[in-house]
Amino acid sequence: MRIELNHVVPYPLPKEVIQSSDVWDTKLCFKPNSANLVSAQSGMGKSTLLHLLYGMRKDFSGNLSIDGKDSSTLSREDWINIRKTSISLLFQDLRLFPHLTALENINLIPVANPNAPVVEEMADQLGITAFLHQSVVTLSHGQRQRVALVRALRKPFQLLLLDEPFSHLDEVNQSKASSLIKGLVQINGASLILSTLGSVPEIPFDQTYSL
Amino acid sequence: MKDTFSNSKLGSCLVSRGPRRELFIASFGCFIGTTLLLLAIQIYQDATIYLENNEGPKNYFTINKKIEGGALLNLAKKEESFDKQELDTIRQLTGVKRIGGFVRNKFPITLYIWPSGKIGFGAAAKTDLFFESIPDEFLDFIPKEWEWEENASIVPIMVPKFYLDLWNFGLAPSRVEYPALSTDAAKGMPIEIFIGKNKETTLNGRFVAFSKRINSVLVPESFLNWANQKFAQPDSRDFYFLWKEGTIDGPPRSRSDLSKLQTLPDFKSWEISPLGNPASRSSISSLLQKQDSDNEPSRIILEIADTPSPALLEYIDRNEYELNREFPDQDLIKKALQGIFAGVIGIGILLSLLSIATFATSFKLVVSQSSEHVKNLLLLGFSPGQISQIFYKRFQKLFIYIISGSFVVCLLSKYFLGQTAIEFGINIESNLSEYTVVFTVLYSIVFLIVNKTNISNSVLKLDK
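Which chain is which? The protein sequence lines are A and B, in order.
For what it's worth, my numbering labels the leading residue of the first sequence as 1, then goes sequentially.
For what it's worth, my numbering labels the leading residue of the second sequence as 1001, then goes sequentially.
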């Protein structure tokens, strides 16, 4: 999936942030099958960028196009379809349903990615098999982060957006998660945009941007 | 790609304890409103059918000339019958389909009615009465016993249905010797018909039918013609003073006596005057040339296309005739019922509209209480339609309980009303009519569509 940003500036961002950014108010292209790292400190607009790309925010100037199509011309139905089949987002705040178990949360997606391994395999790889039938409110933030990651990977995608996916993971688990992500992005022939506070995961990135 | 979620899991994300009080009020209002509406519609239909089956036909009227004067003036009263010219004029008025004249008896009649079923057994109801006849085509129906021939053993009599009601609800309760009578029992009562001032002749009669159309005591035309011919007594109007050369000659003479004088010389120069007005003299030959007024009806029945036309009403008014529509009270009852049911239907509609509004507000609240989860599900790629469906099914379930409850209450009410009606001698269908069922379906469709739209809009508002 090809994403192009043409002088995109989200409204609430301060001027000094925009001036020093590799992304805001510039011409930028996230190419198909590319892995992109967006690195910045807190408050520089990492989540804002991913939310713009996921159609959650429309309060920006400039142009954003997805596969050559101006995002401002996309209808509600287009966005529903994109979220259902083309773009998957791991939210920074995870957005899990607290009354459901880890497995129920993972399964609560409109359609499953046919290229993704079965849930048990991914859970095993991330070391959360033992918690699958546990309510997510009983899990630690790191465990929940891995549950949300499996859910994001279970959705079909051509673009995978991960918002600080390893913020609460230790190095071992970061490594396991990176391996799973790398494999699935490859199998899907998809692009990846991963935001981080600074640490660089074990994924070979084609481009690194500083916000 | 295959679906991975189960609807129950999706639904569980959208469960909220809900605004229970509002939902209860909406459900209760909807139940009461729907029940009232269905009952009103059903009972209105039953009442209309009952009244239509029991009301006098709308398009039959009788007219007569206004009766004037009292006992002392009767001798001078105006002509009460309609002559041929008048009948022709009425026949040609707009809206008049056909007319028929009432012929009445010209002899005294006294009836002895034996409610016991046997002459001479128990007490007889005795009454001086009159008979009238009209052409058979104006009867509501022609009973099979209506035929009458000379020497027939029974004279068939048809009286208005309300005579029987008067008997049952007026006379019978106040007189222990008179039992209340069903239609069949009334038809079985032997009746003695005494003819003449001194009851010179006795005939046997029987009630054979109870008319809802004609407000009179009817016998077959053939019988009345025969009886009038045989028993008619000239009345005071048939007697005249005979004037010869300016002075009254002898006692008053009947028309038939006068006609016997036609062969005498000077007959054409003689004059006559009515008994009540001796000064109003006219030629004797003009009296005899005039069509015999015995054959002219004093009351006529009209069948008209619908309600009386302005031309007919204007003619009646101009000639100061009296118009009687049979059983006009039925109209008042119907109008009163229409008013009551319009009121009940109005209240039902109002309650239903209020409940639709309360449901709409309640489900907006239900959706907004789950708004966080709705937004997350939308971000996961679920469509607003899928999510609305969850809320809508919950509403649908509630509504099915309500509409089923209303339907059952209507059925039960109808059953008990039917049972009560039977005690009053009214038979009504025990089931709900097809119109009520169709209305229920249409009403449900409207209710469901309105709330589905409302729920969809509430969910779409969260997808921004």
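Derived from the structure by calculation, the hints contain no laboratory data.
Be aware that a few hints might be false.
[To be verified] Quick list of in silico lysine to aspartate or glutamate cross-link-like pairs, DMTMM-like style, CA-CA up to 20 Å:
1. B:LYS1464 <-> A:ASP78
2. A:LYS31 <-> A:GLU77
3. B:LYS1375 <-> A:ASP59
4. B:LYS1066 <-> B:GLU1052
5. B:LYS1464 <-> A:GLU77
The structure presented is a predicted model; accordingly, all values stated were derived computationally and were not measured.
Going through the hints against the structure:
1. B:LYS1464 <-> A:ASP78: Answer holds: B:LYS1464 to A:ASP78 is near 13 Å, not above 20 Å.
2. A:LYS31 <-> A:GLU77: violated, 24 Å
3. B:LYS1375 <-> A:ASP59: holds, 18 Å
4. B:LYS1066 <-> B:GLU1052: Not satisfied, since the Cα-Cα distance of roughly 31 Å exceeds 20 Å.
5. B:LYS1464 <-> A:GLU77: Holds, at roughly 12 Å.
In this structure, the hints that do not hold are numbers 2 and 4, in rising order.
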